[in-house]
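Position chains B and C against the provided structure of chain A, taking the given hints into account.
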Amino acid sequence: MENKYLVNIENERLSFFTPAGEVKALNDVSFKMKEGEVLGIVGESGSGKSVTAYSIMGLTAYPGRLVGGTIEFNGHHINDMSEKEFREIRGNEVSIIFQDPMTSLNPVYTVGNQIEEVIRLHTNKNKHEAKERAKDLLALVGINEPEKRLKQYPHELSGGMRQRVMIAIALACEPKLLIADEPTTALDVTIQAQILELMMDLREKLGMAIIMITHDLGIVASMCEKIAVMYAGKIVEYGTTDDIFYNPKHEYTKGLIKSIPRLDAKEHERLVPIEGTPVDMLNPPAGCPFAPRCDSCMKICLREMPPVTFFGDVHYTQCWLNQKEEFEGKAPEESAVEKGKEASNE
Amino acid sequence: MTKKNPLSLQLNINPEDFLPASNDEKESLVVMRESVGFWRDGFRRLRKNKVAMTCLFVIIVIMIFAFIVPSFYPYTYSQQVQGANNLAPFEYSAGEIARMEAGEKIFPHVFGTDKLGRDYAIRVMMGSRISLLVGMVAAVIILLIGSIYGSIAAFAGGWVDLAMMRIVDIIYTIPDILLIVLLSFALKQPLKTLAAMPGFGWLSVMGENLVSIFVVFALLYWVGMGRMVRSQILQLKENEYVTASKALGASSGRIIKKHLLTNCIGTLIVITTLQIPSSIFTESFLSFLGLGVAVPMPSLGSLASDAINGINTYPHLLFIPATVISLIILSFNLLGDGLRDAFDPKLKN
Amino acid sequence: MGKYLLKRVILAAVTIWAVATITFVLMNMVPGGPFLSEKAISPAATAALEAKYGLDKPFGERYLTYLKDALHGDFGLSLKQRGRTVSGIIAAKFPVSAKVGGIAVLVSLLLGIPLGVIAAYKRGTTIDSVFSVVATLGIAVPSFVVCTVLMYFLGVKLGILPTLGLTSWKNYIMPVFALSAYPTSYIMRLMRSSMLDVLGQDYMRTAKAKGLSQKVSLFKHALRNAILPVITYLGPMVAYTLMGSFIVEKIFTIPGLGGEFIKAINGRDYTMIMGTTIFLGTFMVFMLLIVDIVYTIVDPRIKLK
Chain A
700 MENKYLVNIE NERLSFFTPA GEVKALNDVS FKMKEGEVLG IVGESGSGKS VTAYSIMGLT
760 AYPGRLVGGT IEFNGHHIND MSEKEFREIR GNEVSIIFQD PMTSLNPVYT VGNQIEEVIR
820 LHTNKNKHEA KERAKDLLAL VGINEPEKRL KQYPHELSGG MRQRVMIAIA LACEPKLLIA
880 DEPTTALDVT IQAQILELMM DLREKLGMAI IMITHDLGIV ASMCEKIAVM YAGKIVEYGT
940 TDDIFYNPKH EYTKGLIKSI PRLDAKEHER LVPIEGTPVD MLNPPAGCPF APRCDSCMKI
1000 CLREMPPVTF FGDVHYTQCW LNQKEEFEGK APEESAVEKG KEASNE
Chain B
103 MTKKNPLSLQ LNINPEDFLP ASNDEKESLV VMRESVGFWR DGFRRLRKNK VAMTCLFVII
163 VIMIFAFIVP SFYPYTYSQQ VQGANNLAPF EYSAGEIARM EAGEKIFPHV FGTDKLGRDY
223 AIRVMMGSRI SLLVGMVAAV IILLIGSIYG SIAAFAGGWV DLAMMRIVDI IYTIPDILLI
283 VLLSFALKQP LKTLAAMPGF GWLSVMGENL VSIFVVFALL YWVGMGRMVR SQILQLKENE
343 YVTASKALGA SSGRIIKKHL LTNCIGTLIV ITTLQIPSSI FTESFLSFLG LGVAVPMPSL
403 GSLASDAING INTYPHLLFI PATVISLIIL SFNLLGDGLR DAFDPKLKN
Chain C
421 MGKYLLKRVI LAAVTIWAVA TITFVLMNMV PGGPFLSEKA ISPAATAALE AKYGLDKPFG
481 ERYLTYLKDA LHGDFGLSLK QRGRTVSGII AAKFPVSAKV GGIAVLVSLL LGIPLGVIAA
541 YKRGTTIDSV FSVVATLGIA VPSFVVCTVL MYFLGVKLGI LPTLGLTSWK NYIMPVFALS
601 AYPTSYIMRL MRSSMLDVLG QDYMRTAKAK GLSQKVSLFK HALRNAILPV ITYLGPMVAY
661 TLMGSFIVEK IFTIPGLGGE FIKAINGRDY TMIMGTTIFL GTFMVFMLLI VDIVYTIVDP
721 RIKLK
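Protein chains in written order, with our numbering: chain A, 700 to 1045; chain B, 103 to 451; chain C, 421 to 725.
Only chain A is shown next, with the shape it has when bound in the complex (with noise of 0.2 angstroms):
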């Protein structure tokens, strides 16, 4: 049963203990992934999407420490694992594409030595061989005459180039999960597309499963399958592309969707921020962590943490608007009484 998943995490709680104190990053953070899924992780700068992933390849920075919750990762329990062992699955069995393509990449080594590199860690191949595996990979990554491209630096090559050798070094060892890092942010939006084509191409042919950290939700709309909608360290909603985009249930899900410029939008018509800051992860409230920034907000989101609401197999959201209905849908006189009280507030 639990081989069925590529990636399973339950309960994950992670904190960064600072000098200020502990920062709970992230707070009970559950999902699972078949192989060759794509999971789309929404969410605003902190929101915990990137300390999720990399927990995943035991990448937390320091201080950062895993506190709580188990994670599962291709037959591998990662809670438990020693750096060696790590070592053995990173860029072999799970790899990583990051943020910024500028600075990922080593500038005082070629291109090709970098490639390479991963190459002869994880495989038996000789120098010879890795390098024609490397000039394999830049073919397959799209990069144009890689014999020579083998010899650049980094500095000698575009932003969209360096993503791709990026994701090149990523496909070096044919992962079963690629992760993500928001690898289009840094670029240009005409490069952005064909790199996230090409990793769709990519997926198709060599059949990885792809987490996908994004806060545009352009992106995962046209890429995932699956999207969790991350908050202040916790996972605020989760579900098929469908479910997110058609019937969100999260206040803050809403707010995102609102927030995405349409093309049939009326003249004139503006786009809906979400207003407000995010909370402060040192003191992080007792209640829902996006109380203070919700329209609909309730006086129980301000002292009780929402429980969860499924619908559905896979779709389910922490909010207490969905319990709300619930609740008046076993007690109708009580939910009178409450709208008469909300009139006479008013």
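It should be emphasised that the hints constitute simulated quantities derived from the structure, not laboratory data.
Wrong hints could be hidden among the right ones.
[What the hints assert, rightly or not] No more than 27 angstroms apart at the CA atoms, straight line, and that leaves these computed lysine-lysine pairs for DSS-like:
1. C:Lys640 to A:Lys850
2. C:Lys683 to B:Lys290
3. A:Lys826 to C:Lys519
4. C:Lys500 to C:Lys670
5. C:Lys500 to A:Lys834
[To be verified] A few chain C residues facing chain A, derived, Cβ under 10 angstroms:
6. Lys628
7. Lys630
8. Ser633
[Claimed, not checked] Each pair of labels, with its calculated beta carbon distance range:
9. B:Asp263 to C:Pro534: 37 to 47 angstroms
10. C:Pro720 to A:Ser781: 31 to 41 angstroms
11. A:Ala985 to C:Gly544: 29 to 39 angstroms
We put the CB at the ideal spot given by N, CA and C, even for glycine.
What follows is chains B and C alone, placed relative to chain A:
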């Protein structure tokens, strides 16, 4: 459609809880961390740095001994006690013992005396005073010249910058010891003449050598500071916030005051603090060569240098000034490091 | 490359010329000629001596003659060491200083770089604190203190190391230690801060994500980027260390160029001062050129232009 969540039953939920929350209630939840300014933030960090605070304390103690204690100390640095040559610490001369037996109170020679019968403790204190003075005055001179030179080069740019930097390179290439020696020789006569003129009597009190050391520092050691300030300003000038404020119509004066200076000042403080020990270092080295302050004025370097020949018999005469000078340099260095950690905005994490 | 080298050589020549001129002018500003201290000499004898060394000629003429000779590597006769040429003295003394200094440079590199890397890698731990205290001490304690303390305890009190000359390998221990204390500490601190900077770079995260071991990450990916400031420091450091330190040479009685230089300054041995200064200046400029070339090898982003 919706599944029932068992959790919701365990919680004590009233219908009122589902009433909309007022804005005030929402506000109360948003805990804003108070914003702290550059200086307060830096000082807060500095106070937390135990090493830097200890060093600051050590420096203050040494300064008290160097500048305040000598004014009421029973001996002076040039006073020779008859028959009290080369005493060990807390030892009294025959004459002093006789006077003590006669009921007189004699202040002990805490560090003993030197070969001329001068109390060594006061000489070390005076030596520290000279060394600290040299260090701090030199640092201020260097700060002024270096930052003005560096910022002119950075702002002017083009061939002015090129020429100014070549001058720096040339000064850098000449062995500093040569320049120091030649300059102090060359300056001796003019300074003597100047000291003889009315109003310049203080020159001979300080000693021509000491004054020429300051002149040498002013002429030579600003080059490092000048280079640093130039590169700092060049770097800052390229920053987007400078371009942004230019685009918003800010005047050059405002840009210099608001952006360049505030961003530079941390670095300047740090470099100046680190310059103090290096000037003390150089002065002690010069005194060691016999090119420092004029006798009978002591400096830590000259005290150490005088003690070298007698090292086998009176090692404490060397070790005391050597320890004090190492302590001063060490404290200033560690304090400088602490300041850098606290005030350099690039090192914030 | 060739064009760049030519430009650098011309610039270097200008720098050396300026150094020679400044030294020459300064020396002529110093009151009292070279033979002033020898009191026994009569005015007539002084005049004769000055005529012999060309000191009676006008300033401008002496300057031109000097520059012309210096171009041919001829720095003239030493004024104080009768019958010896300046070039001859430099040729005899420089190798002595260079040998001690060369060992000291090697020691400071071999100790300073790895210790700095370890301190950066173990930042915030006890090892880091201990290293940083040692490095700060190495910077804070003046070399004459290091020398005399070493001399007193190892040489005099314990008597396990010889204190004079350079006759056996044991003689090298104390001078090399004294010479390398400062550069080792300095390189260590430089290496640590530059390494910390590099360890925070994105490409280090990439290296980790590839599954590389810490050793490979540190020594292949980080070191080559972090070593650039050390290389910059090495240029002047090597030049000064090889030229010899006056203090170390005086205390351990090493017959090197550093001691010779101070002797020349104190004795107003004009030709010797000029010769040594130009030699050091040339050496320094040469080292800076080498540093620039090494830079472009280590960091392909930097182009010689």
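The hints, checked one at a time:
Annotation: proposed proximity of C:Lys640 to A:Lys850 holds, straight-line Cα distance about 18 angstroms (limit 27 angstroms). Distance hint between C:Lys683 and B:Lys290 is fulfilled; the C-alpha atoms sit about 20 angstroms from each other, no more than 27 angstroms. Straight-line distance between C-alpha atoms of A:Lys826 and C:Lys519 comes to about 42 angstroms, which puts the hinted pair past the 27 angstroms bound. For a cut-off of 27 angstroms, the pair hint linking C:Lys500 to C:Lys670 stands: about 19 angstroms separates their Cα positions.
The hinted pair formed by C:Lys500 and A:Lys834 fails the criterion: a straight-line CA distance of about 70 angstroms is larger than 27 angstroms. The criterion of a C-beta within 10 angstroms of any C-beta in chain A is met by C:Lys628, whose closest approach is roughly 6 angstroms, and the hint holds. A cut of 10 angstroms between beta carbons decides the hint on C:Lys630: the least distance to chain A is about 4 angstroms, and the hint holds. With a cut of 10 angstroms, the hint placing C:Ser633 at the interface with chain A holds, because the nearest CB-to-CB distance is about 6 angstroms.
The hinted range of 37 to 47 angstroms is satisfied by B:Asp263 and C:Pro534, whose Cβ atoms lie roughly 38 angstroms apart. Between C:Pro720 and A:Ser781 the Cβ separation comes to about 36 angstroms, which falls inside the hinted range of 31 to 41 angstroms. For A:Ala985 and C:Gly544, the hinted distance range of 29 to 39 angstroms is satisfied, since their beta carbons lie about 33 angstroms from each other.
In this structure, the hints that do not hold are numbers 3, 5, in rising order.
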